[in-house]
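Participant: One letter stands for each residue in the lines below.
Protein chains: 2
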Amino acid sequence: MEKVEKWGLFELALNGKSDGNPFTDYEIRAEFEGEGEKKQVKGFYDGDGVYRVRFMPSHTGTYRYRISGSFSDVQTEGMFEATEPTGNNHGPVRVLDKRYLEYADGTAHYSFGTTCYAWVYQKEELQEQTLRTLEKACFNKIRFCLFPKFYQYNESEPQMYPYVRGERRGVDEERLKRHLRMTFHTEKEILDITDFDCFRFDVKTFQKFDARIIQLCEMGIEADLILLHPYDKWGFSDMTTECEKLYLNYVAARYGAFRNVWWSMANEYDLTTKTVEDWEELAAAVTEADAYGHLISIHNCMGFYDYHRDWITHCSMQRQDFYKHVEYTADYLDEYEKPVVWDEIAYEGNLSMGWGNISGEELTRRFWEAFVRGGYAGHGETYRNENDVIWWSHGGVLHGTAEPRLAFLKKIMEETPGKFLKQVPRMFDEVVGVPYQTEVARTRPFFDPVVYCDYELHYYSFGRPSYREFEFGEDEKFRIEVIDTWNMTITDTGVHSGYTKVELPGREYMAIRLVRVE
Amino acid sequence: MEKVEKWGLFELALNGKSDGNPFTDYEIRAEFEGEGEKKQVKGFYDGDGVYRVRFMPSHTGTYRYRISGSFSDVQTEGMFEATEPTGNNHGPVRVLDKRYLEYADGTAHYSFGTTCYAWVYQKEELQEQTLRTLEKACFNKIRFCLFPKFYQYNESEPQMYPYVRGERRGVDEERLKRHLRMTFHTEKEILDITDFDCFRFDVKTFQKFDARIIQLCEMGIEADLILLHPYDKWGFSDMTTECEKLYLNYVAARYGAFRNVWWSMANEYDLTTKTVEDWEELAAAVTEADAYGHLISIHNCMGFYDYHRDWITHCSMQRQDFYKHVEYTADYLDEYEKPVVWDEIAYEGNLSMGWGNISGEELTRRFWEAFVRGGYAGHGETYRNENDVIWWSHGGVLHGTAEPRLAFLKKIMEETPGKFLKQVPRMFDEVVGVPYQTEVARTRPFFDPVVYCDYELHYYSFGRPSYREFEFGEDEKFRIEVIDTWNMTITDTGVHSGYTKVELPGREYMAIRLVRVE
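Protein sequences appear in the order of chains S and P. -3 is the number of the first residue of the first sequence in our numbering; add one for each residue after it. -3 is the number of the first residue of the second sequence in our numbering; add one for each residue after it.
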């Protein structure tokens, strides 16, 4: 009997009807039943008369399945064995305690994302280079688009398209006109090119995404799939609702069984021609089609989407303010009671615009501010170069300085007792995180003596203290480590009791870690 | 006939009664009448049987005066001639158009303040050193306390006291007890030492302040006098209202005729034992006693005082948030319709606490953010050193890196056509200031084409653009200068029309200046 790991991918390929438009004219359904679950999923047409069904078992043991639907006159049944997961297979990422992210097996997911919006649409060599870069980097999530991207620095034609060319079908002409008024593009640029038939997927493109998502999965990297976005000149951002739903169902059937998939309904949803009602309808289509309850969110440009909505599993945020953003992490955790993932906090680079020209120091600072407060953050890199190959959109290699520092922070996060931190109120000039399960004494900063927790991470951001003072009890003992978050050093200052003055180098980006010892 | 410059100091010394307590038992009044004004002022007792009357003429021409009061049984009359001001005598600083500061003669005051809270209470040599430092620095305002300071790094006894010692009188014992509960100090530290008679000024101390304020005036530096503050162990911050008014009247009589005086009712008013009602009563005492309408404000620690109050001429602000503060300058200008003076935005240094350990780069950035938006900012320096001589409180020499950059910004501000800037809405990643009189086209950032003003200062803060683009009209001509605000260079890129791409070094702290040419 075929064996598949729990949270692994079971796939069946079946021949079926290929006349007419198999994407719309026929359907393929499957029912899987194991000892711990019973699920109905849809299959999808993959071209050349081949239909596929994919399934991710969430339990071990024997599964039976039955395939049905109009795609074929033959009914198929079978069995497979789901085995214990091995290696880096920890299952899909889920929400823990309304604040945090962990894999299904209980392993913490410290989400260190990066962004390469259109990397799968680049030339093959560049994609391979991107994968080699990811192999060495600390990122465990990558955010990218299923549709190609047309935008500043993204003006070459992509290597492939999600739809086949021919007669323009499935584009909402009213939306397209509205889109024209909201964009830099000329009417000619957009209207002349949109000859895609949005009822017929180009399966080669989706097969390429299959391969890339699986490669990412093998590397332990979550694929944060951006389903829709506004950077478009082909009509894909202005399809009819019918075609959008066709697409979303196709994507859910095709990628839903990949354990490392997250759904991002949109990048910068508020730059599209769709209304909130449209988005709600489309999100419902995805959650209904997704048999596994993958993480799902929607990403803003200016104002946040209402993350209170039931279907949203986590806040996928872009900073709303140029100056202050990740510093609100604990506020948003309280407000939305969902994990806070800062998917765009400006990128390290030197592009013209402020979203793409902060320093590695500043990007690293933003990561620390987010993580010590119990949130997560995403990286991106936007260094101008001769070939216009920019990591943030095309992938390739990293030119910046932040990534090793993010790896250093990730290592420190992995050492957190009880997995995750929450922020506790202390002095105005420090961010203090403690294990999230810690019961924290309610004291007034400044007026009351500090009650220290067993583990504390103190971050001083752009402040440059040359020392900090601690008032431990005479019978308390704390190991104190001085962390240089930029130079990536951890210096053990020994075990201290009572009043303790810790000398610091008077540089920016320092942290102190306290660990109570017996 | 004696000659005194308009806005200069006319002073009379008269012998009078010295029995009892001349500070409370006798009074001295004067009436001055010139061609343009008629004023009543009070004189003050200066010890050894000498009473003084000081007067600042606000017009040229002949003035007659008459001295009266219980201090003497003799009536004195006389005349003097007020002449045209010379040198750096531009008159006192006043509010211009609810937003800005200028001298009475119409010269712009670009307020570049610094802070040396207790410099006049230090040893003579150190005070002299402070003056030598000020002589070379760009500061045109200095903020300091009339009462001595007891605080972290300020624990040595001062060189003098404002009151004579003896029996403790004039301290409000209830306030003192409340103060004890709000402070780091032990009961012993405070209660043992407060043997000052708050009905009897130590005139030597006030004479020293006379001399220092006059020296500052000669150097063109405004003296932002902090009248009351909470950093105290002598009882001066907890006097009875009676003694507080006695003191404020004394100070108004003594220093009101100095053209370079600003009144700061308090530093960190919200750390004192006084209520808002108390402050209102005390502020009324000052404005009533001040015959000249000097600038007057009150400075916060946590929450701003209500700057809408009629008596307040400008907002003397301390940042309320660790991360974002001067970036709100235009909002506060709109909210309060008064000049915004950021008297505390953290100091360059390396002390333990966040108020005293930012970098010179960051302090300079905060100045730029404030000034381009039409506000003013204050400097301070807090580098830890062996002698605990810290500029912010003691004066001495500067160790930091910001001051030359502030001088550079001041020079750029002085080149503003029409004196001052106001912020105009543009892209999210730039701060753009234009001459405040400019009528600005109402356009939507991003969606509408930019309508450029004749003079624009663009600041990019921590962003690191390697270029910026401008869309001038084909018949518009602009000279574009690239300003490196940290390296203090201005590079003229020539005159441009139409689409213009300006190359930048991809470093932080850059600015661009546009000047329309014919």
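Bear in mind the hints are in silico, worked out from the structure with no lab data behind them. Warning: the hint list may mix true and false statements.
Same chains, same names: a pair is fine if it fits in one copy or spans any two.
Below are the BS3-like pairs computed for lysine-lysine, each with C-alpha atoms no more than 30 Å apart in a straight line [said to hold, decoys possible]:
hint, residue 1, residue 2
1, Lys406, Lys418
2, Lys320, Lys35
3, Lys132, Lys13
4, Lys173, Lys94
5, Lys418, Lys173
6, Lys415, Lys241
7, Lys407, Lys241
8, Lys406, Lys320
9, Lys173, Lys132
10, Lys38, Lys415
11, Lys200, Lys13
12, Lys334, Lys320
13, Lys119, Lys(-1)
All figures in this text were calculated on a predicted structure; none of them were measured in a lab.
Participant: Hint by hint, note whether the structure agrees.
Facilitator: Verification of the supplied hints:
Taking CA atoms no more than 30 Å apart as the test, lysine 406 paired with lysine 418 passes inside one copy only; the shortest distance there is 16 Å, against 44 Å between copies. Taking the shortest Cα distances, lysine 320 and lysine 35 never come within 30 Å of each other, neither inside one copy (45 Å) nor across copies (51 Å). In this assembly of identical chains, lysine 132 and lysine 13 lie within 30 Å of each other by CA distance neither inside one copy nor across copies; the values are 44 Å within and 88 Å between. For a Cα distance limit of 30 Å, the shortest separation of lysine 173 from lysine 94 qualifies neither inside one copy, at 41 Å, nor across copies, at 46 Å.
Taking the closest pair of Cα atoms, lysine 418 and lysine 173 never come within 30 Å of each other, the shortest separation being 47 Å inside a single copy and 38 Å across copies. For the homomeric pair lysine 415 and lysine 241, neither the shortest alpha-carbon distance inside one copy (38 Å) nor that between copies (59 Å) is at most 30 Å. When the C-alpha separation of lysine 407 and lysine 241 is checked against a cutoff of 30 Å, the pair qualifies neither within a copy, at 41 Å, nor between copies, at 61 Å. Taking identical chains as interchangeable, the C-alpha atoms of lysine 406 and lysine 320 lie at most 30 Å apart whether they share a chain (23 Å) or sit on different chains (27 Å).
For the homomeric pair lysine 173 and lysine 132, neither the shortest alpha-carbon distance inside one copy (44 Å) nor that between copies (63 Å) is at most 30 Å. In this assembly of identical chains, lysine 38 and lysine 415 lie within 30 Å of each other by CA distance neither inside one copy nor across copies; the values are 36 Å within and 70 Å between. In the homo-oligomer, the alpha carbons of lysine 200 and lysine 13 lie at most 30 Å apart inside one protomer (19 Å), although the nearest pairing across protomers, at 105 Å, exceeds that limit. For a Cα distance limit of 30 Å, the shortest separation of lysine 334 from lysine 320 qualifies both inside one copy, at 20 Å, and across copies, at 25 Å.
Taking the shortest Cα distances, lysine 119 and lysine -1 never come within 30 Å of each other, neither inside one copy (35 Å) nor across copies (86 Å).
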